[in-house]
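Peer 1: Spelled out from the first residue to the last, the chains are:
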Amino acid sequence: MDLSSAFMLALRALGRNKMRSSLTMLGLIIGVGAVIAVIGIGEGAATKAQEQLAAMGSNMLFVGSGSVNRYGLHVGSFQTKTLVQADAGAIVRECPSVSAAAPGTGTGQQVVYGNENWATQITGTEPQYFEVRNWPFASGTSFTEDDVTQAATVAVLGDTVRKYLFGSRNPIGETIRIGTLPFKVVGVLTPKGTSAGSNQDEDDVIIAPLTTVQKKLLGQEWLRWIMVSALSRQASYVAQQQIESLLRDRHKIRSGDPADFVVRNLADMADAAAEQGKVMTVLLTIVASIALLVGGIGIMNIMLVSVTERTREIGVRMAVGATEEDVRLQFLIEALVLGLSGGTLGVIFGVASSLAVSHGLGWPVRIPPYSIAVSTLFAIAIALFFGFYPARRASRLNPIDALRFE
Amino acid sequence: MATKNSVTTTNMVAADRTVPLVEAHDLRKNYQLGETEVHALRGISVKINPGDFVAIMGASGSGKSTFMNILGCLDKPTSGRYLLEGTDVSALTKKELAQIRNQKIGFVFQGFNLLGRTTALENTELPMLYSKTHKNKRRERAREALTQVGLGDRADHLPSQLSGGQQQRVAIARALVNQPRMLLADEPTGNLDSRTSVEVMEIFQRLNASGLTIILVTHEPDIAQFAKRELVFRDGQIRRDDVVEVPHVASQVLQTMPTIKD
Numbered sequence: 001m002d003l004s005s006a007f008m009l010a011l012r013a014l015g016r017n018k019m020r021s022s023l024t025m026l027g028l029i030i031g032v033g034a035v036i037a038v039i040g041i042g043e044g045a046a047t048k049a050q051e052q053l054a055a056m057g058s059n060m061l062f063v064g065s066g067s068v069n070r071y072g073l074h075v076g077s078f079q080t081k082t083l084v085q086a087d088a089g090a091i092v093r094e095c096p097s098v099s100a101a102a103p104g105t106g107t108g109q110q111v112v113y114g115n116e117n118w119a120t121q122i123t124g125t126e127p128q129y130f131e132v133r134n135w136p137f138a139s140g141t142s143f144t145e146d147d148v149t150q151a152a153t154v155a156v157l158g159d160t161v162r163k164y165l166f167g168s169r170n171p172i173g174e175t176i177r178i179g180t181l182p183f184k185v186v187g188v189l190t191p192k193g194t195s196a197g198s199n200q201d202e203d204d205v206i207i208a209p210l211t212t213v214q215k216k217l218l219g220q221e222w223l224r225w226i227m228v229s230a231l232s233r234q235a236s237y238v239a240q241q242q243i244e245s246l247l248r249d250r251h252k253i254r255s256g257d258p259a260d261f262v263v264r265n266l267a268d269m270a271d272a273a274a275e276q277g278k279v280m281t282v283l284l285t286i287v288a289s290i291a292l293l294v295g296g297i298g299i300m301n302i303m304l305v306s307v308t309e310r311t312r313e314i315g316v317r318m319a320v321g322a323t324e325e326d327v328r329l330q331f332l333i334e335a336l337v338l339g340l341s342g343g344t345l346g347v348i349f350g351v352a353s354s355l356a357v358s359h360g361l362g363w364p365v366r367i368p369p370y371s372i373a374v375s376t377l378f379a380i381a382i383a384l385f386f387g388f389y390p391a392r393r394a395s396r397l398n399p400i401d402a403l404r405f406e
Numbered sequence: 001m002a003t004k005n006s007v008t009t010t011n012m013v014a015a016d017r018t019v020p021l022v023e024a025h026d027l028r029k030n031y032q033l034g035e036t037e038v039h040a041l042r043g044i045s046v047k048i049n050p051g052d053f054v055a056i057m058g059a060s061g062s063g064k065s066t067f068m069n070i071l072g073c074l075d076k077p078t079s080g081r082y083l084l085e086g087t088d089v090s091a092l093t094k095k096e097l098a099q100i101r102n103q104k105i106g107f108v109f110q111g112f113n114l115l116g117r118t119t120a121l122e123n124t125e126l127p128m129l130y131s132k133t134h135k136n137k138r139r140e141r142a143r144e145a146l147t148q149v150g151l152g153d154r155a156d157h158l159p160s161q162l163s164g165g166q167q168q169r170v171a172i173a174r175a176l177v178n179q180p181r182m183l184l185a186d187e188p189t190g191n192l193d194s195r196t197s198v199e200v201m202e203i204f205q206r207l208n209a210s211g212l213t214i215i216l217v218t219h220e221p222d223i224a225q226f227a228k229r230e231l232v233f234r235d236g237q238i239r240r241d242d243v244v245e246v247p248h249v250a251s252q253v254l255q256t257m258p259t260i261k262d
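Chains as they are written, first to last, in the working numbering: chain A, 1 to 406; chain B, 1 to 262.
Quick caveat, the hints were computed from the structure, so don't treat them as lab data. None of the hints are false.
Within a straight-line C-alpha distance of at most 20 Å, the following computed SDA-like cross-link-like pairs (lysine to any residue) qualify: (1) B:LYS94 - A:ILE400; (2) B:LYS137 - A:LEU9; (3) B:LYS135 - A:ALA13; (4) B:LYS76 - A:GLU324; (5) B:LYS94 - A:ARG312; (6) B:LYS104 - A:ILE400; (7) B:LYS132 - A:LEU9; (8) B:LYS76 - A:ASP401; (9) B:LYS94 - A:GLU324; (10) B:LYS137 - A:ALA6.
Ranges between beta-carbon positions, derived for each pair: (11) B:SER210 - A:SER22: 46 to 54 Å; (12) A:GLY362 - B:ASP156: 50 to 58 Å; (13) B:ASP156 - A:LYS278: 56 to 64 Å; (14) A:SER22 - B:GLN252: 54 to 62 Å; (15) A:SER22 - B:GLU220: 46 to 54 Å; (16) B:ARG117 - A:PRO368: 42 to 50 Å; (17) A:PHE405 - B:ASP156: 27 to 35 Å; (18) A:PHE405 - B:ARG117: 16 to 24 Å; (19) B:SER131 - A:PRO368: 42 to 50 Å.
Remember, predicted model here, so these are calculated numbers, not experimental data. Idealized CB from N, CA, C, for every residue including glycine.
The following block holds chain B by itself, in its conformation from the complex (with noise of 0.2 Å):
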C-alpha cells in the first residue's frame, strides 16, 4: 500500500484506504498496423489512490494516450490487469464498461467535444441521459456542476458563444457531474492559451483538495507542476514514477499573471 507518494486526502468519502483506486499489473498493448506489430505499451505497472493528482508526460508515440484510454475503460489491453476499485476491468462486458464511464470516470479532451449547437446545460446534462436520472434532476445538477466551475451564468449558451476556456470548462462540468471516481485529462489546455490553461488548473486543483483523483496528460512541464506526481512515459515503458516536491498553486500562479481583456 506504501507508494512513495502516499498523499492524504481528508474527505474522500466513498474509498476505501487499503484499495487504490488503479492498479495496473503488467500492461501490454499491440496493435497490428498493416505488416508491422506496433508495441504501444511495453508492461506498465502502477497503482494510484484515491485523491491523488497524477500528470503523465512523455513524446507523442510514447504509449500515454493508449495508458489513458485503458485506464477510461475505452480500450483493452492486450495482456496484463487492470483493476478499477479492485475490480478486474477487463473481464467486464461492453456494456459494464459504458457503465463504468459513466459512472466512475469524467473525460476532459484536448478539443472540448461538446456537441454543437446545444447548449452549455444540455451538454452537461448528457452523461445522465445515460444514467437513468430523472429530467428534473438532470436541470439541477447540471446547474450545480456548472456553477461549480463558475459558468452558472452561461448556461443557456452554445458553444460557438462561449471562449475556449470557457468550452472546456463546460466539458469538466459534463465529467464532473454523475460525480465521478476519478477524472481522466486528455491534453486539457492544449488548445488553451497559458492564462486559461492555468484557470482550468486552477479548477483542476480545487476539485482535487475536495478529494476528486486526476489524471492528466500533457506535454507542458509547466501543467505538470500543478500535479503531485509526474509519471514519465517512453517506448510504451515508465521511465518516471516521481512527487511533484512542491507543487505550483494555480491560484497563486494566476495572480501574478497579467490578464488579457478580450
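Chain A with its partners taken away, still in its complex shape (with noise of 0.2 Å):
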C-alpha cells in the first residue's frame, strides 16, 4: 500500500469517529499547549529578570548597614550608624575596581502638591545615583553636588510619583511639601518598572540631596546604603572582596568578628534568578510531559479499541491481500495523525492561551521556536511509541478467526 493511499485511509477512518478523535487528541493537545505555554512564561519571566538585572546593572553592589548584636539583642539591617558618607569615598578613591559609588540613605514621608498627596519613599544620595543606577530622566534635571553641600531643598520625582501628584501637568519648577518642608521640582525620572528581586513599584520614590534627606528629615548623619558600580560585571566579585576588606578596616573590625555592613552583589542575584527560573521551567516541563504522557496512553486505549471493532475489517483487508506490513502500516498512520494533528492543535492551544496571559495578566511571554519543534515532535513520538503495540497487534490477527469475528 502506498503511503498516500495510507494517509487518505487514515483520515477517514478517524473522521468517521470525529468525537472519538477529538477526545483522543486532547490528551496530546493538552499536553503540548501545557509545554509551551509554560516554556513561553518561563522564557518570557527569564527574560525580563535579565533585562531588569541588566537594566539595574549587572556591574552593581550594594552595601548596606548590617545589623547589630546589643547585649544579645540582634536588630534588623540599616541599624548600624557606621557606614557613612566618607565611606562612599573611601571606596572610590582605594578600590581599583570601582568606578563610581553613591551613598544614601531613605524615609517614608507623606508628600502633598496642592490637593493631591502620595505616602512615598524619599531616598536622600548624591548625583551620580543616577550613572550608577543607570536611570534617564524623562525631563529636568538631576540636583547638583551644590545642592548636596547646602542640603538645597529640590527632588527628583519618581514616575509614580509624578503621576499620582500632578496628572498630565508640567512638574519641573514647581513645589511640592514633604512632610513640613517644601521642595522644588527639578527633574522626573523615565518609569523603571517593578524591580526584579522585591517586586516593588521602583518609580514610587522621590530623590533628594542625600544631606537634605539626613540633615532636614532624618536628622541621622549615618548612611543606610551605598550603591557601587564596578568596572564590569567580572570586576564585580574582586570589588565585592576590596569593598568588605576596605571597610572592615575603616570600621575597624578584627579579623573574626561579624562585620557591621553587608555587601551583595547584583551578578550574584542575577545568578541565582536565572538559576531560580531554570529550576520551575524544569519542574513545570516534568508536569507538562506526564500530560503528553497520559495523552500517549489515551492514544493506546483508543486504538486497541479500534482494532478490536475492526477486526472483522482487517480480516476482509488480510484476505484480499494485505500483508502484516500493510495493517501495520495503516494503524500506526492513523496513530502518526492523531499524534500530528494533535500536536499542531496543541501547538495552537499553547501558543493562544500564552498569549491569553500575557494580555490578561500582563505577564512577559517568549516562545522559542525550539519549544515548539520539539513538543511537536515529543507529541508525534509518543503517538507512534503508543501506536505501535495495537498496530502490532492488528497486524498478528490470524485472518480466519478476524473474518469469523463478530
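With the hints as a guide, bring the two chains together.
Peer 2: Dropping the structure here:
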C-alpha cells in the first residue's frame, strides 16, 4: 500500500469517529499546549528578569548598613550607624575595581502638592546615583553637588509619584511639600517598572540631596546604603572583596568578628534569579511531559478499541491481499495522524493561551521556536510509540479468526 | 491429467492445460481444541482444472470450510501438499501468501464482508490498494468490475443503501477486480432469498463461461446443481466426486421464477 493511500485511509477512519478522535487528541493537545505555555511564560519571565537586572546594571554592588548585636539582642538591617558618607568616598578612591559609588539613605514621608497627596519613599543620595543606577531623566535634570553641600530643598520625582501628584501637568519648577518642608521639583525620571528581586514599584520614589534628607528629614548623620558600580560584571566579584576588606579596616573590625555592614553583588542575584527560573521551568516541563504521556496512553487505549472493533475489516483486508506490514502501517499512520493533529492543535492552543496570559495578566511571554518543534516532535513520537503495540496486534491477527469475529 | 470431469474451456488464456489449477495431495489438518485433538481434514486428494466450476457440499464440521481456507491460502495444512498452478504453497512466506490471495484468488463470503460506510466503488477498489495499482487505474477497473455484475449505476452507494443481493454482487466485483485465477465462494447464497441466490449463480455461471474457475461451498443441493462438479465432504474426507450431468442454467431458471418487487 502506498503512503498517500494509507494517509487517506487514516484520515477517513478518524473522520468517521470525529468525537472519539478529538477526545483522543485532547490529551496531546493539553500536553503540548501546556509545554509551550510553560516554556513561553518561563522564558518570558527569565528574559524580563535578565533585562531588569541588566538595566539596574549587572556590575552593581549594594553596600548596606548591617544588623547589630547589642547585649545579645539582634536588631534588623540598616541599624548600624557606622556607615558614613566618607566610606563612599573611600570606596571610590581606594578600590581599583570600582568606578563610582553613591551613598544614600531613605525615609517614608507624606508628600503634598495642591489638593493631591501621596505617601512615598524619600531617597537621599548624590548626583552620581543616577549614573550608577543607569536611570535616565524624562524631563529636567538632577540636583547638583552644590545642592548636596548646601542641603538644598530640591527633588527629583519617580514616574509613579509624578503621576499621582501632577497627572498630566508639568512638575518642573513646581513646589511640593515633603513632611513640613517645601521642595522644588528639578527633574522627573523615566519609568523603571517593578524591580526584579523585591517586586516593588521602583518609580514610587522621590530622590533628594543626601544631606537634605539626613539633616532636615531624618536628623541622622549615618548612611543606610552605598550603591557601587564596578568596572565590569567580572570585576564586580573582585570589587566586592576590595570593599569588604576596606570597610572592615575603616570600621576597625577585628578579623573573625561579624561585620557591621553587608555587601551584595547584583551579578550573584542575577545568577540566582536565572537558576531559580531554570528550576521552575524544569519542574513545569516535567509536569507537562506527564500530561503528554497520559495523552499517549489515551491514544493507545483508543487504538486498541479501534483494532478490536475493526477486526472483521482487518480480516477482509488480509483476505484480499493485505500483508502484515500493510495492516501495521495502516494503524501506525492512524496513530501518527492523531499525534500530528494533536500536536498541531496543541501548538495553537499553547500559543493562544500564552498570548492570553500575556494580555490578561500582563506577564511577559516569549515562545522560543525550539519549544514548538520539540513539543510537536515529542507528540508525534509519543503517538508512534503508543500506536505501535495496537498496530502490531492488528497485524498479528489470524485472517480466518478475524473474518469470523462478531 | 484425465480427471473424470475434464470440462474444456475455450477462452482460458493463461493456464497451461497440462497443469491443474489446484492439486491437493493427502491434505490433513488437525486442531488442538482444549484437551482434544480435532481432525478437520483426514487426507484430501483432489485436482481441479482451470475453467472448472466445483460445488463443495457437506454438513457443518465436515471439513469443507477448512479445505476452503487452505485453498484460499488463509491457512496451512498440518501435512500434505497443496500445489496452486504447480507451485507448492506450503513453502511460501506469509507475505507471498498475501500476494497470492491478492493476485490469484477472489473471495466471496456468506456475510458479504463489505467495509461499512465505504462506497461500493471503494469496496471494489480494496484489493488493488495492495497491488500497487495506480489510483486512476483503480477507479477505472473498479467501475468495470461493478458494471460486470450489473451495478455500474450504484458505484457511489454505501452497503447500507444496497439490498443483500446487491451487496453480494459488490463483493463479487471486489473478488474479480484483480482478475484472479479462481473465485472461492463460501456459502455465497446463505444470506440471500431464493431468487437473489439464483441471480448470484447466474453471475457465477457467466464468469465461469468466460473461463474463471469457481469453487463454492454450499449446503443447498439446489445451488450445487448450477455447478459442473460436486464434491461431498464428510468427516474430513471426500465421500463423493461427481460430474453434474446437466447443470441448471441460472438464466433459464430465473425466467420461471416470480419476480418479487420490493
